[in-house]
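Visitor: This is what each chain is made of:
Protein chains: 2
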Amino acid sequence: MSDTHGLKLLSTLDEDGRLVVELAEETLPAPKGGDVLVRLEAAPINPSDLALLFSAADLQNADYGEGRIVARMPEGARRALAGRVGQPMVIGNEGAGTVIAAGEAPEAQALVGKRVAVIGGGMFAQYRLIGADACMALPAGATAEQGASAFVNPLTALGFVETMKRGGHKAMVHTAAASNLGQMLVRIAQEDGIPLVNIVRNEAQAAILRGLGAEHIVDSSKDDFPPQLQSAIAATGATIAFDAIGGGALISQILHAMEQVVSKDEPYSRYGSNRIKQAYIYGGLDMSPTILTRSFGFAWNIGGWLLFPFLQSTDAETLERLRRRVRDNLTTTFASHYKARISLAEALNRDAVLDYNARRTGEKYLIVPH
Amino acid sequence: MSDTHGLKLLSTLDEDGRLVVELAEETLPAPKGGDVLVRLEAAPINPSDLALLFSAADLQNADYGEGRIVARMPEGARRALAGRVGQPMVIGNEGAGTVIAAGEAPEAQALVGKRVAVIGGGMFAQYRLIGADACMALPAGATAEQGASAFVNPLTALGFVETMKRGGHKAMVHTAAASNLGQMLVRIAQEDGIPLVNIVRNEAQAAILRGLGAEHIVDSSKDDFPPQLQSAIAATGATIAFDAIGGGALISQILHAMEQVVSKDEPYSRYGSNRIKQAYIYGGLDMSPTILTRSFGFAWNIGGWLLFPFLQSTDAETLERLRRRVRDNLTTTFASHYKARISLAEALNRDAVLDYNARRTGEKYLIVPH
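Those protein sequences? They're chains L and U, same order as listed. First residue of the first sequence: 7, per the working numbering; consecutive thereafter. First residue of the second sequence: 7, per the working numbering; consecutive thereafter.
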């Protein structure tokens with residue numbers, strides 16, 4: 007097989023704070039060993055992709071050229087990005103496509119001609135050379151669009167459930183709960199009988215979850231949010247939360263409500279209840295600081311939660327069980343919805359950029375690279 | 007043996023927000039079973055005691071009577087204290103004294119006539135009826151003053167070291183590092199060869215630690231604190247911090263500096279380094295909210311740390327090793343220093359209250375109840 011030529015999206019921050027996002031041509035050699043060459047057919051634009059693609063760049067006032075955006079990175083954001091200065095970054099955590107060539111290893115050969123979901127970065131491209139172990143063969147008849155989001159959201163939602171169980175918790179709280187991920191979590195919780203408190207930020211999001219039959223929905227924009235939250239936590243017994251927002255006092259409100267519930271029938275201790283209350287931050291929809299009021303005793307933990315460390319901490323058998331569940335329920339439990347389908351070139355158009363970078367819940371874009 | 011009569015300190019918050027701290031007489035029966043009766047001779051006023059004794063009460067404008075203080079609890083603090091309303095709270099985590107009577111159990115009888123350190127609450131009193139397992143016999147010749155702080159600070163400092171090792175960390179950061187606890191930690195770290203970054207808040211505190219031969223001392227009041235902190239973290243490899251302050255952005259600064267150090271030689275990842283950075287909050291010298299900038303990737307954890315849950319999570323053999331180390335080094339490694347010695351009645355004097363409640367580093371009071 008000869009070399010393959012294709013386009014890919016690159017994002018480069020220079021030392022003057024100039025961010026260049028552009029389409030670049032690349033030449034991919036024939037795959038060797040355990041590698042396969044995937045012709046990419048669909049890739050979702052996830053919030054985690056946007057953080058790498060644009061970070062906090064000023065996209066309102068950027069220069070939008072032919073296949074090229076030049077934007078200013080604000081001074082405040084540049085220090086945290088020092089590690090990427092001068093390095094063209096490939097973008098796109100996951101996608102789906104067809105394996106058009108493979109190395110000689112049997113696990114690679116086994117995928118030739120198959121439609122696969124792929125994870126591993128650089129999926130905002132027409133082709134991707136990657137290890138066969140980064141691919142999951144899709145069920146017969148599945149479209150690339152159906153398989154494009156088969157990794158990040160499904161395994162994150164299933165990872166929350168595994169993390170909850172490992173920590174000895176019986177019920178959980180989820181924020182930004184009307185997202186694609188949140189909708190999956192609602193369906194998983196229903197299937198597995200896990201009590202779930204869904205925190206949303208407006209009535210439209212609450213309506214989405216009501217439509218799915220979610221039982222506990224609390225709207226943080228309402229005046230009576232704190233008592234409603236506490237009631238839902240009392241009804242479910244949730245002592246662990248997964249938070250996509252990060253900034254502000256929401257995590258404190260959640261932990262405070264949990265503490266109120268678990269300490270209710272205990273004798274007073276100035277250290278609070280001994281029952282551990284856990285919160286994980288897995289996103290940053292609000293980049294402002296997290297405000298911890300510490301009005302929830304001393305038995306609490308807050309940490310970052312990421313998919314890849316979770317996968318690394320999970321045994322092979324469990325992982326295969328999770329992946330099989332995703333594959334078997336791709337168009338039901340783990341279905342994703344997209345607002346728009348755009349080409350790689352269209353992904354650099356001003357209107358599209360400003361729309362998909364707003365990260366509004368339920369308005370995800372899909373890149374169709376061919 | 008007949009009943010024993012003595013005084014004890016009580017703190018009661020009523021539902022109108024009035025805090026009454028007073029001396030009360032009590033009658034203690036003869037000990038039974040595994041219990042012993044301790045004539046208390048010394049008890050330190052630790053920050054954790056003050057939180058229960060006064061919490062956030064307005065002590066400047068309180069009414070100081072004979073053996074009785076009446077103070078207002080600010081509205082903002084009352085909600086968190088709802089669980090103690092109407093209940094007279096005994097005060098004093100630890101102390102030392104002499105066992106003057108014991109129940110029939112051999113472990114209780116073995117302590118009769120011995121001077122012991124005691125833990126378990128209610129030590130701001132003349133007598134305490136308590137289980138023999140809450141006592142540790144002091145070495146021959148040890149004074150009550152030498153044994154009064156044998157539990158909380160020594161086991162907390164040793165607990166930090168154990169917690170560090172359990173988490174796979176090699177070096178640690180400590181804040182408010184010139185405290186009695188901090189000074190113990192400096193000596194323990196020297197004895198055990200553990201690299202320790204000491205964060206202090208002024209030059210006088212730095213001088214105390216220099217006098218002990220501490221190697222890494224960083225003053226958070228200095229303009230160059232961030233780079234100095236990062237240098238010290240780089241020099242030690244610290245990836246865990248124990249924080250007595252709680253409020254403000256100090257924990258963010260520590261985690262940020264750790265992240266800068268551990269990610270230095272890694273390829274850029276927008277999620278930050280995979281190396282876990284851990285912070286524990288074990289005190290609240292600053293009761294304002296903790297501000298998490300989250301400028302330290304996703305591999306971090308912050309939690310509360312308390313002595314009792316640590317002890318409960320520790321096997322009996324380790325516990326005995328820690329207690330033996332304290333007993334064998336009571337006047338050296340684990341020596342405490344006191345600014346003043348006061349009676350139970352003097353502990354209710356306005357001048358004394360305002361002085362010891364200021365919780366200034368290195369100005370601890372000792373109650374001498376007889």
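Check the hints yourself; a few may be wrong.
The list treats identical chains as one, so a pair stands whether inside a single copy or across any two.
Stated by the list, open to error - Quick list of in silico lysine to aspartate or glutamate cross-link-like pairs, DMTMM-like style, CA-CA up to 25 Å:
1. K270 x E81
2. K120 x E72
3. K38 x D229
4. K270 x D357
5. K270 x D22
6. K38 x D198
7. K171 x D64
8. K228 x E81
9. K270 x D20
10. K270 x E21
11. K228 x E272
12. K38 x D225
13. K228 x D321
14. K120 x E369
15. K176 x E209
16. K171 x E209
17. K120 x D230
18. K228 x E32
Please keep in mind that the hints were generated in silico from the structure rather than gathered at the bench.
Visitor: What label fits K120 with E369 when the C-alpha limit is 25 Å: within, between, both, or neither?
Guide: neither (29 Å within a copy, 73 Å between copies)
Visitor: Measure nothing new, just compare the shortest in-copy and cross-copy C-alpha distances for K171 and E209 to 25 Å and report within, between, both or neither.
Guide: Close neither inside one copy (31 Å) nor across copies (48 Å); limit 25 Å.
Visitor: If the cutoff is 25 Å on CA atoms, where do K270 and E21 land: within, between, both or neither? Let me know, please.
Guide: between (55 Å within a copy, 17 Å between copies)
Visitor: One pair to classify: K228 and E81, alpha carbons no more than 25 Å apart. Within, between, both, or neither?
Guide: between (35 Å within a copy, 24 Å between copies)
Visitor: Which holds for K270 with E81 at a C-alpha limit of 25 Å: within a copy, between copies, both or neither?
Guide: between (47 Å within a copy, 21 Å between copies)
Visitor: I want to check one pair: K270 and D357. Are their C-alpha atoms no more than 25 Å apart within a copy, between two copies, both, or neither?
Guide: neither (52 Å within a copy, 37 Å between copies)
Visitor: Given a CA cutoff of 25 Å, do K228 and D321 count as a within-copy pair, a between-copy pair, both, or neither?
Guide: For K228 and D321, neither the intra-copy (42 Å) nor the inter-copy (48 Å) Cα distance is at most 25 Å.
Visitor: Please sort K270 with D20 into within, between, both or neither, judging by C-alpha distance up to 25 Å.
Guide: Answer is between; shortest inter-copy Cα gap is 18 Å, intra-copy 55 Å.
Visitor: Can you give me the call for K120 and D230, within, between, both or neither, at a CA distance of at most 25 Å?
Guide: For K120 and D230, neither the intra-copy (52 Å) nor the inter-copy (58 Å) Cα distance is at most 25 Å.
Visitor: Could you figure out if K38 and D198 sit no more than 25 Å apart (CA to CA) within one copy, between two copies, both or neither?
Guide: Cα proximity of K38 and D198: none, with 42 Å in one copy and 52 Å across.
Visitor: Which holds for K270 with D22 at a C-alpha limit of 25 Å: within a copy, between copies, both or neither?
Guide: Between. Shortest inter-copy distance 21 Å satisfies the 25 Å Cα cut-off; intra-copy 55 Å does not.
Visitor: Go through the copies and call it for K228 and E272: within, between, both or neither, with a Cα cutoff of 25 Å.
Guide: neither (30 Å within a copy, 44 Å between copies)
Hint compliance for this structure: hints 2, 3, 4, 6, 7, 11, 12, 13, 14, 15, 16, 17, 18 are broken, all remaining hints hold.
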